[in-house]
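*Asks:* Protein chains in written order, with the numbering used here: chain A, 460 to 575; chain B, 4 to 116.
By construction, these hints were calculated from the structure, which means they are not laboratory data.
Being a predicted model, the structure only gives us computed values, none of them experimental.
Heads up, some of the hints might be wrong.
What the hints assert, rightly or not - Straight-line alpha carbon distances no greater than 27 angstroms define the calculated DSS-like cross-link-like pairs of lysine-lysine that follow:
hint	chain 1	residue 1	chain 2	residue 2
1	B	K74	B	K21
2	B	K58	B	K21
3	A	K462	B	K60
4	B	K58	A	K462
This is what each chain is made of:
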Amino acid sequence: AQKITQTQPGMFVQEKEAVTLDCTYDTSDQSYGLFWYKQPSSGEMIFLIYQGSYDEQNATEGRYSLNFQKARKSANLVISASQLGDSAMYFCAMREFGQGAQKLVFGQGTRLTINP
Amino acid sequence: DVKVTQSSRYLVKRTGEKVFLECVQDMDHENMFWYRQDPGLGLRLIYFSYDVKMKEKGDIPEGYSVSREKKERFSLILESASTNQTSMYLCASSLAGFGSPLHFGNGTRLTVT
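Pulled out of the complex, with its shape left as it was, chain A reads as follows (with noise of 0.2 angstroms):
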């Protein structure tokens, strides 16, 4: 079963505006993580964020913010103010406390394109 879901393949947004990444996650455990990272045309894969279960508050970095929803199971990637280089491939991921806890397991990726 899919751990990690991410349904939006492609979005385009222009540029300035606000952006929302959906990532909706499956489990059981009631411990668990909540990762963002970008991966540019180069390659690299960029950590944004993190968000624990028990965090209490959204988890924010500069112009990004994770709207966690915990009783939905989503933890959506809001970028303010997009720019240019925001353009990239975006990849949610979870860890879970227990066996295996230091996996990451990712969801399929969204492709973000920002458009002058």
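Please build the complex by placing chain B on the supplied structure of chain A, with the hints as guidance.
*Replies:* Chain B in isolation, oriented as in the chain A frame:
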């Protein structure tokens, strides 16, 4: 800054060859990982290691093995390469903490002909 170095950026091998992909990290991280990335499938975990000489299977270990003899080095081995192993291979490392992010190398694009 953490540096994760993969020995080759591009590699072309023939079917049936034994292939070694090497990965070295310089930040004394406990955990190391090998993923493969294919379009539409995201990143899929092949193997990971949480300590020297320790290894755990990921989601797609078939056709692969790994070796971790030293803490900083994690090798992925394709015992007998096949064309369906043509892919981008990404190595990563992290600290042991639950919230610790993975730091990735630049990837090795392997083509098996």
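*Asks:* Please list, smallest to largest, the hint numbers that this structure does not respect.
*Replies:* As far as the earlier hints go, not one is violated by this structure.
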